[in-house]
Amino acid sequence: MGAVITGWGKCVPPAVLTNTAMTEFLDTSVEWIVTRTGIRERRISHVGMV
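Counting the sequence shown from 1 gives a position; my numbering is that position plus 4.
These aren't lab readings, by the way, just hints derived from the structure by calculation.
It cannot be assumed that every hint is accurate.
[Unchecked claim] Simulated restraints, written as ranges between beta carbons of each label pair: (1) 15 with 43: 15 to 25 Å; (2) 46 with 6: 27 to 37 Å; (3) 6 with 34: 41 to 51 Å; (4) 17 with 39: 24 to 34 Å; (5) 50 with 8: 30 to 40 Å; (6) 53 with 27: 39 to 49 Å; (7) 41 with 5: 21 to 31 Å.
We put the CB at the ideal spot given by N, CA and C, even for glycine.
Construct all of the structure, not just a fragment, from the sequences and the given hints.
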């Protein structure tokens, strides 16, 4: 018996956490985050959204 894919989906949560916002509570810079992680923004899902 094998595995079967029965469907797929995707979701882009509306809330965005930017690197600029992260620098407000972390002692770092936007450039530091981007050069080390490649991440420019994060999509955040709210409780109950999933």
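Structure-based check of each hint:
1. 15 with 43: 15 to 25 Å: 18 Å, holds
2. 46 with 6: 27 to 37 Å: 36 Å, holds
3. 6 with 34: 41 to 51 Å: 47 Å, holds
4. 17 with 39: 24 to 34 Å: 25 Å, holds
5. 50 with 8: 30 to 40 Å: 32 Å, holds
6. 53 with 27: 39 to 49 Å: 26 Å, violated
7. 41 with 5: 21 to 31 Å: With a Cβ separation near 41 Å, residue 41 and residue 5 fall outside 21 to 31 Å, so the hint is violated.
Checked against the numbered hints given earlier, the structure breaks hints 6 and 7 and satisfies all the rest.
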